[in-house]
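Residue numbers (my numbering): 796 to 1016.
If you're looking for bench data, these hints aren't it; they were derived computationally from the structure. There's no promise every hint is true.
[What the hints assert, rightly or not] Here are the simulated DSS-like pairs of lysine-lysine, each with C-alpha atoms no more than 27 Å apart in a straight line: (1) K929 x K999; (2) K923 x K975; (3) K957 x K982; (4) K874 x K828; (5) K828 x K873; (6) K929 x K873; (7) K929 x K982; (8) K957 x K923; (9) K873 x K801; (10) K859 x K881; (11) K999 x K828; (12) K874 x K859; (13) K801 x K874; (14) K985 x K881; (15) K827 x K985.
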Amino acid sequence: MMELIKAVNVRKTYIAGTVETEVIRGIDLTIKKGEFVTITGPSGSGKSTLLYLLSGMEPLSEGKVFLENEDISSMDDKKISLLRRKDIAFVFQFYNLLSEMNVTDNVLLPSLILPGAINTNRIKEVLKVVGLEKYERSYPYELSGGQQQRAAIARAIYSNPKVIFADEPTGNLDSENSQKIMDIFVKINKELGTTIVMVTHSEKFATFGTRTIQMGDGRVC
């Protein structure tokens, strides 16, 4: 498999007044195309921060992050925003759906910023992948938590991103819905070939990936 993401000596320090706290301490790692990487570790180990750094959601304090050999850590805000709309998708613990929009409109929301016609066939495809083809006109308040998260995943895969970053996507769900969400991520990885990088506290769900990265004290163990 070809290299998709490369992190070189990545560090992140937060400064509050005169206090500096280093939360990511010189991480080097490589993620290949088609991998499903799960990131685990205790609370405060830097899992989510690393995810935000790899995805360009937060700036680095030191080091570099490359996506297909392109240095995204040196991009300006305009370039990184375009990258996140086209090549990178994010799924959060909370679904971030707009209550006044139905499922279809929520899925389309990021694409409205990009040029090009709306692909109605693609909408049907992604809703089928996540099992929401019968809910395309439903509103978030009409859906369960698991269904809302599936809508968020459909939104993430609509643009056919190179990589999906997921930050505790099952953290707000019961065990049954969590299992369904993880099955969908496995399906997306295996059938669509999408690279996935996921933070999870669950030892069980960490095994759903093709590789697990264990973190502790801001470092890869």
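Q: Could you check the structure against the hints above and give me the numbers of any it violates, in ascending order?
A: Those not satisfied are hints 1 and 6.
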